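Q: Spelled out, the chains give:
There are 4 protein chains.
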Amino acid sequence: MLVVMQAHAAPDQVRAVCQKIESLGYRAHPMPGAERTAIGITGNKDALEPGTLDEMPGVQEVIQVTKPYKLVSRDIKQENTVIRFPGTDAVIGGPGLAIMAGPCAIESREQAFAVAERVQRAGAQFFRGGAYKPRTSPYSFQGLGEEGLRIMAEVRDRFGMRIVTEAIDNESLELVEEYADVIQIGARNMQNFSLLKRAGRSQRPVLLKRGMSATLEEFLMAAEYVMSEGNYNVILCERGVRTFADHTRNTLDLSIIPAVQRLSHLPILVDPSHGTGKRNKVTPLSRAAVAVGADGLIIEVHHQPDQALSDGVQSLYPEQFDELMAQVRQIAPVVGRTVSPIGIHTPAAAIPALPSGTHPVAPG
Amino acid sequence: MLVVMQAHAAPDQVRAVCQKIESLGYRAHPMPGAERTAIGITGNKDALEPGTLDEMPGVQEVIQVTKPYKLVSRDIKQENTVIRFPGTDAVIGGPGLAIMAGPCAIESREQAFAVAERVQRAGAQFFRGGAYKPRTSPYSFQGLGEEGLRIMAEVRDRFGMRIVTEAIDNESLELVEEYADVIQIGARNMQNFSLLKRAGRSQRPVLLKRGMSATLEEFLMAAEYVMSEGNYNVILCERGVRTFADHTRNTLDLSIIPAVQRLSHLPILVDPSHGTGKRNKVTPLSRAAVAVGADGLIIEVHHQPDQALSDGVQSLYPEQFDELMAQVRQIAPVVGRTVSPIGIHTPAAAIPALPSGTHPVAPG
Amino acid sequence: MLVVMQAHAAPDQVRAVCQKIESLGYRAHPMPGAERTAIGITGNKDALEPGTLDEMPGVQEVIQVTKPYKLVSRDIKQENTVIRFPGTDAVIGGPGLAIMAGPCAIESREQAFAVAERVQRAGAQFFRGGAYKPRTSPYSFQGLGEEGLRIMAEVRDRFGMRIVTEAIDNESLELVEEYADVIQIGARNMQNFSLLKRAGRSQRPVLLKRGMSATLEEFLMAAEYVMSEGNYNVILCERGVRTFADHTRNTLDLSIIPAVQRLSHLPILVDPSHGTGKRNKVTPLSRAAVAVGADGLIIEVHHQPDQALSDGVQSLYPEQFDELMAQVRQIAPVVGRTVSPIGIHTPAAAIPALPSGTHPVAPG
Amino acid sequence: MLVVMQAHAAPDQVRAVCQKIESLGYRAHPMPGAERTAIGITGNKDALEPGTLDEMPGVQEVIQVTKPYKLVSRDIKQENTVIRFPGTDAVIGGPGLAIMAGPCAIESREQAFAVAERVQRAGAQFFRGGAYKPRTSPYSFQGLGEEGLRIMAEVRDRFGMRIVTEAIDNESLELVEEYADVIQIGARNMQNFSLLKRAGRSQRPVLLKRGMSATLEEFLMAAEYVMSEGNYNVILCERGVRTFADHTRNTLDLSIIPAVQRLSHLPILVDPSHGTGKRNKVTPLSRAAVAVGADGLIIEVHHQPDQALSDGVQSLYPEQFDELMAQVRQIAPVVGRTVSPIGIHTPAAAIPALPSGTHPVAPG
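Chains as they are written, first to last, in our numbering: chain A, 1 to 364; chain B, 365 to 728; chain C, 729 to 1092; chain D, 1093 to 1456.
For reference, chain A alone in the conformation it holds in the complex (with noise of 0.2 Å):
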């Protein structure tokens, strides 16, 4: 932390600023300068809370320099964290993108297998769907709940994809760490730092979504709550945030992937259909996902789009998604990484084994 004091600050008020912050347990560094004085602070363990300092006779501005997440840091741990899921081929973090496709929603056990059997055999391994979903009207269809959780441990079985779905509260979170490989935690959720403890206790990882106006420092916090529980298997997601731009649902920030990229080990997705809400933009956005260097796409998919119950605007026709993989296959190479080949049929173990992290990082 660092006190910067006015212009016109006594002598007086710079040594009181420094005896009070002694007298909280911290040391003082006063840095007469030309115009004014500075003061830093050193030996905080715990955050000190500036309101402590901000309004003292003389001080102008008190600045938080410290950061405040620990295990989520490259400090920590300056490995990347590689996410395998043992019985196949999909990894989250390694050199190979990882690819997620499906619809926004599950519907019904044909549309399901339909865009899964699309997908798959385009070269994604791990196929999203929605059981549970947050929907901006109470009155717009909320997913098929556990019905829709069953479908998809379904698709596993037959399309050998592992499973990515939301879980919007502790009652679901329940059932989908039960049914899927992953857990996704929305961008509405972001800060519910409930289901983010909740997250925490899970043995599956879990699928990060920025929110709408989550700063980078915020984002890596939300993350920070589920691995200070114990899960050290952490996706993150860029997903758009919400600006004044109005040609684009979201503004798809992918300047936040090298961002993350030199603070954390922990992997980041883009998200380009809910990034851009519009089904024209998804493609050159993910070429430029895989670009900037992100380590994977999660996109939507939908056999009819016109007919689907939810986001029909932004979900791409399974022809699209065989195009878009074709494009990103080219691009991949350009930053070091591979795509699956386009799909072998090779089914999983009916069980999700748990997923064998690189964790056991022992938090210092």
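Result set (DMTMM-like, lysine to aspartate or glutamate): computed pairs, CA atoms no more than 20 Å apart in a straight line:
(1) B:K561 with B:E581
(2) D:K1169 with B:E399
(3) B:K561 with A:E146
(4) A:K20 with A:E61
(5) B:K431 with B:E581
(6) D:K1162 with D:E1309
(7) B:K431 with A:D246
(8) D:K1162 with D:E1321
(9) C:K795 with D:D1338
(10) C:K925 with C:E902
(11) C:K925 with C:E945
(12) C:K925 with C:E946
(13) C:K795 with A:E35
(14) C:K925 with D:E1238
(15) D:K1159 with B:E399
(16) D:K1162 with B:E399
In short, the hints are calculated from the structure, not lab data. Computed from a predicted structure; not experimentally measured.
Since chain A is already given, all that's left is putting chains B, C and D on it; use the hints.
A: Frame of chain A, contents of chains B, C and D only:
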């Protein structure tokens, strides 16, 4: 809904869109213009998914017209919702301003009583305080939990104020509704639809804070979630939104007060403490909130802000709150409002009676 | 400036950064902490380019501390700047609120006089109106140009109000300073530094509107541009910023009023007409602006808003402006302000005298 | 335009709105729906001011439908605009990517030549550099002015690159068009309509940067200003927008590339240097920009970034630019693009010939 065709759209394309609309059970109203044709759609009981038409040949844009909210709307109920708390003079939505004040978090019985005594005396009818704190960091103070609720119940018995406190998940909501008079849903949970539905099944009024990047429509739809479960006593609260501006923690959007009042019958308060995040901005913005026409204020006050366990930087000293109330008392009459007189001690019944709202609107 | 080193930064790296700092003529203050070392920098007459240190090995972050503004700051001049217009009671920055009102654009002599007569009678001391209109579309009405300025000069002669009008480039500024009393620089030109410098060489006061996405610091720096050329009579104006919120055209950020007043001696007005873009929000937000402590208001009024050539949707009817003034009159005393009495007709001198500001600060 | 009536609007109110519309010379198309009536308006040669109808009794909302841009639109000209520079292989908007590179500011002949030599060799066809710098602070280096332009002209003669540099007002534009090949209008001047019109009367192509908070429509309307004066050679450039996100200086909005390409025939470049403000993000975002489909890049390169007089923190080292170009070369073919081969030295004519665009669209 309105479909805008491209300038060069062929008559065939217009016809195809009209046929598609009719085939879905709606009525199409083509309107040929000087430059392009627009097609109005009526009869849409349910919102038509725009995805159906968006990508048809010749279509430029699909514009949503119908608003999705019903129960929150003045279309359903024209007169203002007024929430009364039997046995006290605490009212929300009536001519008297509802004043809620108290510490960010309940830290101890001593602290709660010290603050309560001061804010009650200054004219607050409601005591706010957190027992469950949604903190950005898992390592920050998370609240006293049920112990905090018990202290607040004592405050009610002793000082006659109604209690407002936040629930952060279904478990804590269970306890909050047992101890408190008003259940707060925080900004981070504004789209935690599972929690909103649970609050909708409670008999306590719900104070719903605007999410950090919520549009007016999303805000009203969150209230609609609560009401759609049968709880019509919803109080909205503006608490600042996230913008690029960095001179305050959030940007307090006071223009939403008249905007809400135009569309909805629900009362709306302002929280200038979170809305600015800076102690020296709380009083000016409180004056502005009353002047713009808000139904009340919710203010953080602490008897020792520099030792607060959370949000000390934005908590008022009790004397500052006295001053704030003195100023608010002068502005209220200009907008046809009254403020409770300076604290006559009126102890309330030990067990909180249920509020008697103006509800049972029979939604059409 | 403060350099924060990485947690694992080697002593050598810390030393190298310190040497670099010293080699640039500054002083380095290393502060070893529990987790990492921070290095304070003093002696920076000119701002040190952060690029110099940002990418040195072991550096995590470089934090700018020193504020770049000087002349606008209370560090240089503690008492408020008050701008007087000799021969009238029009004052900006004093205890009386400065009220500016008039149409968006001057459309004709008849229109200008019709509006002027009404706003003068209601208590406005300044007549606003555009002769040069910055319109989003090149095909929209662009203003009457010099003819509009001439009409405004007649309004001054006839109604005794001081004239405020926008200059959009160096050419129009030349004319504006000849005819008008206050030169307005619009939001879109807030960082048109060439125009700011030209305005800084004028002898007329400058009304500087905040840019649509300007931070407080950028806003103050724009004023610094004007002042750095010798014109100390700058009036700031908040007029809404761009956010995701769509219930108003812009989001009026009233918290910037106390923020500016804390840092700067310059007066600051509020423009709720552009700040909301909706007629029915202008009066509530005007009340709020006065309550928050603004030094005045600038309001669009038109005698026939539904026939206005621009911005009709946000212009008040004259009766609405009367009502606004009546309400503002009641709020002003709460914040220690007065409002001009209802229009006594005081014709001003035909040729605008130069304002006598409190300037000649001798910038140190 | 579409008028949405309130749910309870009386038939009389609907009738009155229709009559008003017809009285203004437009045609009204009332569409009674299940809940409310909407009224379509056609025949609007000029945009009808929404203010006319917005506040009529029973009106809920007025929705603008017609887009105000004409010349920029694919409705007027379907094929892409391609801008050629006779005597060189520099082309913007064709299959080859346009690569512009150089220092933020021209500091000296030595510096300019040192950078030019490197970027030309790496494959840039355009040399960028500022002679007039719009700096946030009046005390920062403001550029060398005409001396800088002269140095750039020498760079053209020597290295055969086309010159791109910013004009900040009508005076500097006069000089810029004399010396340079492309006139840049910076983000801060995107709505400096006076400057846009002046640029529209120039015979040089104009590189128009997106304003920090410009919507797609405002961006296109700014281009429309230039074109409406007869200059059809406009190049758009995305350079990041202002959001709450603080991990980069601006948020680069790559989704605007396909959005522009859908609506307009104008070429669009990406500036990842300003778009991120951080050297280590420039290369990843450059890859992404090419992958998303941009027509080219504009990149800040400095041979000694840590001694740059401006923007050193975001300037690439020449070796980093080599590496960027190597990566871009691999991605380009995926999106059907080519990149100039590594620098064959092709000195251009001393006097810049005018570009031969694909213009003379005869705007209807």
